[in-house]
Amino acid sequence: MSFMTNLVDTVIILVILTNFMLLGSSRLRRCIRVTALQGILLGILAILMEDGTPTIHLILLSAAIICLKGIIFPFLLIRTLRDLNVQYEVEPFVGYGTSLVLSPLVLVVCIWLGSQLSLPMGVTSSLVAPVAFFTITCGLFLIVSRKKALTQVLGYLVLENGIYVFGASIATIQPVLVELGILLDAFVAVFVMGIAIYHINREFEHTDVDRLNRLKG
Amino acid sequence: MNPGILLWIILLLPVVGSGICQILRSPKNVMNFVCFVMALIGILEVVTAGVVFSRNTIFSCGEWFYMDALSAYHLIVMALVFCMSSLYGMRYFDKEIHEGIFTLKLAKRYGTLWFASLAAMTLILVSNNLGMMWVGMETTTLVTAFLICTRASKASIEGMWKYLIVCSVGIAFAFMGTLFIAAATYKFQGSISGNGVFWTQLQMHAGLLDPKLAQIGFLFIFVGYGTKAGLSPMHTWLPDAHSQAPSPVSAVFSGFMLNAALYCIMRYTSLIKLVPGNENLSRDLFLIFGTFSIVVAAAFILLQHDLKRLLAYHSVEHLGIIAIGMGMGSLGIFAALFHTLNHSICKSLGFFCAGRLGQIYGSYDMRGMTGALRLSPLWGGGLLGSLLALIGIAPFALFMSELLIVKAAIATNVIWVLVVFLLGSCIIFAAALKHVISVVYGTPPVLDFKPRRSSIVDTGIVVFSLGVLLVLGLWMPKSLHEILCRAANIIEGIDVATIVCVK
Numbered sequence: 001m002s003f004m005t006n007l008v009d010t011v012i013i014l015v016i017l018t019n020f021m022l023l024g025s026s027r028l029r030r031c032i033r034v035t036a037l038q039g040i041l042l043g044i045l046a047i048l049m050e051d052g053t054p055t056i057h058l059i060l061l062s063a064a065i066i067c068l069k070g071i072i073f074p075f076l077l078i079r080t081l082r083d084l085n086v087q088y089e090v091e092p093f094v095g096y097g098t099s100l101v102l103s104p105l106v107l108v109v110c111i112w113l114g115s116q117l118s119l120p121m122g123v124t125s126s127l128v129a130p131v132a133f134f135t136i137t138c139g140l141f142l143i144v145s146r147k148k149a150l151t152q153v154l155g156y157l158v159l160e161n162g163i164y165v166f167g168a169s170i171a172t173i174q175p176v177l178v179e180l181g182i183l184l185d186a187f188v189a190v191f192v193m194g195i196a197i198y199h200i201n202r203e204f205e206h207t208d209v210d211r212l213n214r215l216k217g
Numbered sequence: 001m002n003p004g005i006l007l008w009i010i011l012l013l014p015v016v017g018s019g020i021c022q023i024l025r026s027p028k029n030v031m032n033f034v035c036f037v038m039a040l041i042g043i044l045e046v047v048t049a050g051v052v053f054s055r056n057t058i059f060s061c062g063e064w065f066y067m068d069a070l071s072a073y074h075l076i077v078m079a080l081v082f083c084m085s086s087l088y089g090m091r092y093f094d095k096e097i098h099e100g101i102f103t104l105k106l107a108k109r110y111g112t113l114w115f116a117s118l119a120a121m122t123l124i125l126v127s128n129n130l131g132m133m134w135v136g137m138e139t140t141t142l143v144t145a146f147l148i149c150t151r152a153s154k155a156s157i158e159g160m161w162k163y164l165i166v167c168s169v170g171i172a173f174a175f176m177g178t179l180f181i182a183a184a185t186y187k188f189q190g191s192i193s194g195n196g197v198f199w200t201q202l203q204m205h206a207g208l209l210d211p212k213l214a215q216i217g218f219l220f221i222f223v224g225y226g227t228k229a230g231l232s233p234m235h236t237w238l239p240d241a242h243s244q245a246p247s248p249v250s251a252v253f254s255g256f257m258l259n260a261a262l263y264c265i266m267r268y269t270s271l272i273k274l275v276p277g278n279e280n281l282s283r284d285l286f287l288i289f290g291t292f293s294i295v296v297a298a299a300f301i302l303l304q305h306d307l308k309r310l311l312a313y314h315s316v317e318h319l320g321i322i323a324i325g326m327g328m329g330s331l332g333i334f335a336a337l338f339h340t341l342n343h344s345i346c347k348s349l350g351f352f353c354a355g356r357l358g359q360i361y362g363s364y365d366m367r368g369m370t371g372a373l374r375l376s377p378l379w380g381g382g383l384l385g386s387l388l389a390l391i392g393i394a395p396f397a398l399f400m401s402e403l404l405i406v407k408a409a410i411a412t413n414v415i416w417v418l419v420v421f422l423l424g425s426c427i428i429f430a431a432a433l434k435h436v437i438s439v440v441y442g443t444p445p446v447l448d449f450k451p452r453r454s455s456i457v458d459t460g461i462v463v464f465s466l467g468v469l470l471v472l473g474l475w476m477p478k479s480l481h482e483i484l485c486r487a488a489n490i491i492e493g494i495d496v497a498t499i500v501c502v503k
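So the sequences go chain by chain: A and B. Just so you know, we're using my numbering here: the first sequence kicks off at 1 and counts up by one. Just so you know, we're using my numbering here: the second sequence kicks off at 1 and counts up by one.
Treat the hints as calculated values from the structure; they're not laboratory data. Some hints could be false.
Claimed, not checked - Computed list of chain A residues with no C-beta within reach of chain B, every gap over 10 Å:
#1 Ser25
#2 Arg29
#3 Leu68
#4 Asn85
#5 Gln87
#6 Gly97
#7 Leu102
#8 Ser145
#9 Lys147
#10 Ser169
#11 Ala196
Unchecked claim - With a straight-line cut-off of 25 Å between C-alpha atoms, the simulated SDA-like cross-links for lysine to any residue are:
#12 B:Lys212 <-> A:Thr137
#13 B:Lys154 <-> B:Lys212
#14 B:Lys450 <-> B:Gln359
#15 A:Lys147 <-> B:Ser156
#16 B:Lys108 <-> A:Pro175
#17 B:Lys105 <-> A:Tyr198
#18 B:Lys273 <-> A:Leu113
#19 B:Lys105 <-> A:Val190
#20 B:Lys187 <-> A:Pro175
#21 B:Lys212 <-> A:Trp112
#22 B:Lys108 <-> B:Asp94
#23 B:Lys28 <-> B:Ser153
#24 B:Lys187 <-> B:Pro276
Predicted, not measured: the structure shown is a model, and the values here were computed from it. In this text, a Cβ means the ideal position worked out from N, Cα and C, and glycines have one as well.
Please model the entire structure based on the sequences and the hints provided.
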């Protein structure tokens with residue numbers, strides 16, 4: 001039991017580290033690889049959640065996660081990257097240094113939030129809820145603060161990963177519901193398709209906000 | 001006959017129709033097919049709703065499919081909006097088909113996606129399992145995204161992309177909320193089945209849900225589905241998507257998709273009200289987001305130049321009004337549900353007229369659109385009628401439902417909401433009136449072609465919608481009153497009928 005807890009904790013801490021790496025990196029290729037690593041860690045996490053031998057549900061879930069997030073999406077994304085010929089995220093709305101300095105503060109808030117919750121059943125580590133929140137926040141942050149459409153897709157993947165961290169903790173009692181979450185990946189598939197077909201490179205400006213700005217003063 | 005079979009039929013028939021669209025031979029055929037099959041499905045949906053009203057509830061497929069008065073009422077609204085939009089769509093693409101822009105390939109894709117989105121929205125309404133309901137909403141988002149760029153242009157791709165990015169995050173949040181609600185069931189795990197979270201089972205045991213987890217879950221649900229419902233500040237996708245989509249699609253977006261998302265929140269509202277310590281949570285959220293939506297909509301309507309965007313911001317406003325109604329309990333919920341129907345009919349009509357006028361003028365910029373009434377009496381008149389109804393002119397039904405919400409606000413003593421609501425409505429009233437007068441009256445520009453004549457079907461749609469709005473404003477049938485009461489009872493959990501006396 002304590003060995004399992006240690007293992008779960010290790011995986012979860014690795015997830016935190018991948019988040020930091022994503023926030024601090026401007027090279028898109030590396031970001032994709034780190035996201036892939038995070039996906040594989042999640043797959044491992046799903047199996048570790050059950051004490052004793054994992055059920056067939058959990059093994060399938062974990063295999064699906066590793067295939068999709070660890071292999072298929074990174075492959076597609078890297079191919080798109082090559083086609084579009086972009087390598088760096090330029091001039092993000094929030095700089096890399098600032099992102100990195102802010103993120104531990106966010107982590108502290110998330111740990112406090114997680115400690116407020118009493119998660120029942122089968123959760124083998126008290127870090128599950130905080131890290132879920134932290135990963136979701138990182139994903140959201142990447143979506144709103146970066147300009148390349150591709151980084152936004154990565155942000156969405158990270159957001160989804162955060163949801164899976166939480167989902168894995170209740171996968172033992174609600175396996176069907178957690179499996180439905182795989183459908184979220186349909187969005188990622190559509191995003192990648194959209195970028196590839198329509199060559200969407202950067203995010204779009206919102207015309208209305210512009211209009212409101214012009215009426216200042 | 002087992003009534004449960006009806007749920008299967010209304011769910012599977014659109015799927016079949018979606019497939020058949022792929023083997024049709026001309027764009028015209030596809031549009032006619034969509035229209036006729038939709039009429040058939042519409043009739044079946046109304047029959048299903050009727051059976052639900054007479055039996056109270058229908059179950060099917062074990063506990064997975066379920067309908068009660070609340071979902072049946074929404075089913076009727078959906079049938080109405082989809083039938084009207086399909087009928088309108090039959091003629092809407094005529095010009096493009098004639099010019100060869102709307103090719104067979106596009107038409108097939110349009111028909112397939114049209115029925116697929118109908119099937120997905122039906123799934124939302126018939127699911128008892130909250131996970132399946134989420135799947136329905138997720139599928140709706142994916143399918144309708146491609147309807148936005150039926151005709152691919154730079155602007156429509158932008159609209160689609162924003163819609164996908166913003167709504168995908170919303171849907172992800174809704175899933176997180178569903179997980180939290182599932183986690184909150186641990187105290188009565190033994191007494192429910194492990195196959196997911198069934199609404200009927202949760203409602204029976206709602207008092208035992210873990211308060212903290214349920215609270216966070218509901219927050220996620222509200223923000224998540226609220227994004228899809230276009231509540232401000234999560235509404236940013238809405239004006240872009242609505243203005244770029246072809247008009248029949250915009251009508252379905254505004255007329256039913258937003259309501260479907262709100263319907264999901266309603267289901268959770270009925271649960272969260274029973275959880276100890278969270279009795280007021282849904283009320284506060286509805287009131288805050290509702291008033292904020294009205295304020296934001298008022299600001300943008302004031303500065304709007306694009307006719308379809310104007311209508312889109314009206315949707316934000318009216319969803320806000322429905323939300324504050326939901327936050328006011330019994331009478332408010334009754335009024336909110338009534339407003340749902342009125343708004344759906346009225347806004348669909350608005351988009352129909354805007355679409356055809358846009359085709360005549362070649363753009364939706366209201367600064368260039370003048371004299372619509374002389375150029376096309378039917379669509380100009382329809383636009384005038386629908387906008388007057390939208391801003392709450394007296395004999396129309398929207399005025400009645402808004403009046404009921406004002407009554408509810410006074411009864412529940414939420415004066416700040418009432419003040420914001422009335423102020424916002426006044427600004428919108430003046431701004432929208434200014435816009436519509438400049439579009440409808442004045443001298444029309446000289447056109448180098450003769451606008452095509454409106455057919456009997458077009459006239460029928462306009463007269464029917466305005467007629468229904470007028471009749472409902474003056475007189476509410478007893479049966480509708482009872483249906484609304486029963487639907488409101490499901491959300492409120494107490495007998496609303498004793499509190500509501502309209503006349």
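Checking against the hints above, which ones are violated? Structure breaks hints 10, 13 and 16.
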